[in-house]
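Peer 1: Here's the letter readout for the chains.
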Amino acid sequence: MAKYGMLIDPNRCTGCNACRIACQMQWSLEPELNFNWLEEHLEGKYPNLKRVIVPMQCQHCDNPPCQTVCPTGATYKREDGVVLIDAEKCIGCKYCVSACPYGARVINAAGIPEKCSFCAVHVANGSTPACVSTCMSEVRVFGDVSDPNSEISRQIATLGAVNIKGTSMYYVPPREMGMDVLPPECVNPTYLGVLKNISQPASKGILGLAAAAIATGIVTNKIIERSSKNDETN
Amino acid sequence: MTKQIKNNKILRFSLGSRLGHGVQAISFTLLLITGSSLVFKSYGALIGPGGLKLFSQLHHILAYVLTFGPILLLILFSWDNVKRWIYDCIHWTESDVKFVAAFPKIFFGLRADTPKQGKFNGGEKINSILQILGTIVIGISGWIMLLGLFSPAVAGWAHIIHSFAALVLSGVVAAHAYLALIHPGSKESINGMLSGYVDLDWAADHHALWVEEVMNEAVAPLPAPAKVKIKAVGETVNV
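These protein sequence lines map, in sequence, to chains X and E. Okay, so the first sequence: first residue is 1 according to the numbering used here, each after it adds one. Okay, so the second sequence: first residue is 235 according to the numbering used here, each after it adds one.
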């Protein structure tokens, strides 16, 4: 089974935005919707400036928080690592938008939070993702990271790229700046932790206690009513 | 006797109050049924994505009913009663505190001695405060999510607060419904929310201070003659 991943080398990126626009055209996105975007980092004072442009997108997490929070299973992860959305199952609750650690979800005109799919349908037909094939500087490599002889695996080794922990993405360390300009490792946001571990168990517990108290009250009232009737007849 | 007391029954809630309460009760219950499908996974799985989609649409329509229905009805048709209700909820007496202390016993049907209570006892005051505050919290957090004008982080916290407050308030509502419909000592009170009238003897037993107040109003002396001018000492003339 293939395990898809993407390698990004920020050192090669010129900031031309062709990847963002090619993606928009591939998926007929409204001008204000992007599945990928560039983050520019500047350091220092003129004329001693450092600059790194980091291409960002859905990181196709190993345990996607957006999937954990989805109430219908509309968001799912394929065995090959690609995180996809089944629009038929999506009810538009937008919980995934709040859960995504990378802000990669954008809401389309139909109210469905969409994102990068690694161009899965086109990859299945033998082509490469639009952002990869359009890039003149060859910033991006897409492929099967489980195959040691694949282009992406060889490039990861040659360039010394690092895996963003918990995701399908590999970034080459920026020459000019620290690793902190790269996307952080995938951790569940505070929102998801509080919802799943604190607020929902606590509120369900309180509701359960109320139900138990009511059930007990119905029984004890019946018993007391009956015994007081017996007292009267005796 | 005024029309507040007739046929050994006493008027507890005006039509406006009953309508406001009814709209609150029905819309809250429907919002709970539609909304909790996103909280309980097995319930959501049972109705499937199609059912969830329908429920979320219904939930967003019903949001308008719960947000605007009760408050408009209460302000337009029962404002004086609402003012008195809120005043009572804020002003706590010793007998309210004693009632709350005895409430667990009462809830389970055990004998408990409580001092005379006003129109609303301590338990009803706590319920009222929780319903008012809970509805406001649920409403604000719900509209933050529904309007979609806020950042994903804010919407996330609104989601946490919305579902927590809604489930806790549902527990309060369930206990409230049990006392009003099933509990042998207090189920007479449901009539106050249906016809408006409750049994006078029951009211005298459970809300003695309130019944005394209504009785005193009923037998209060007629207002003095409109104007009395004192022309001179010892001489009065009606105008």
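Careful, some of the hints might be misleading.
Per label pair, the in silico range of CB-to-CB distance [as the list claims (entries may be wrong)]:
(1) E/Leu367 x X/Lys3: 33 to 39 angstroms
(2) X/Ala87 x E/His294: 16 to 22 angstroms
(3) E/Ala438 x X/Ile224: 19 to 25 angstroms
(4) E/Gly419 x X/Gly73: 30 to 36 angstroms
(5) X/Ala87 x E/Asn315: 47 to 53 angstroms
(6) E/Ile363 x X/Met1: 54 to 60 angstroms
(7) E/His294 x X/Thr158: 49 to 55 angstroms
Stretch-level coverage of chain X by chain E, calculated; a stretch enters the list once three of its residues show a Cβ under 8 angstroms from a Cβ in chain E [to be verified]:
(8) 13–19
(9) 30–37
(10) 123–137
(11) 140–153
None of these hints come from the bench; they were simulated from the model. Every residue gets a Cβ at the ideal spot worked out from N, C-alpha and C, and that includes glycine.
Peer 1: Taking beta carbons only, do three or more residues of the segment 140–153 of chain X come closer than 8 angstroms to chain E?
Peer 2: Check failed, 0 qualifying residues.
Peer 1: Do the Cβ positions of E/Ala438 and X/Ile224 conform to the proposed distance bound of 19 to 25 angstroms?
Peer 2: Because 23 angstroms falls inside the window, the suggested range holds.
Peer 1: Within 33 to 39 angstroms or not, the Cβ separation of E/Leu367 and X/Lys3?
Peer 2: 51 angstroms, violated
Peer 1: Do at least three Cβ atoms from the segment 30–37 of chain X come closer than 8 angstroms to Cβ atoms of chain E?
Peer 2: violated (count 0)
Peer 1: Range hint 30 to 36 angstroms: satisfied by the CB atoms of E/Gly419 and X/Gly73?
Peer 2: 48 angstroms, violated
Peer 1: Using the Cβ atoms, figure out if X/Ala87 sits within 16 to 22 angstroms of E/His294.
Peer 2: Once the Cβ atoms are compared, 19 angstroms apart, the range 16 to 22 angstroms for E/His294 and X/Ala87 holds.
Peer 1: Mind taking a look at whether chain E covers the segment 123–137 of chain X? Criterion is 3 or more residues with CB to CB distance under 8 angstroms.
Peer 2: violated (count 0)
Peer 1: Is 49 to 55 angstroms a correct range for the gap between the Cβ atoms of E/His294 and X/Thr158?
Peer 2: 53 angstroms, holds
Peer 1: Using C-beta distances, would you say chain E covers the segment 13–19 of chain X, given that this needs three or more residues below 8 angstroms?
Peer 2: violated (count 0)
Peer 1: Is the distance from the Cβ of E/Ile363 to the Cβ of X/Met1 consistent with 54 to 60 angstroms?
Peer 2: 58 angstroms, holds
Peer 1: For the hint 47 to 53 angstroms, verify it against the beta carbon of X/Ala87 and that of E/Asn315.
Peer 2: 50 angstroms, holds
Consistency with the previously given hints fails for numbers 1, 4, 8, 9, 10 and 11, ordered from lowest to highest.
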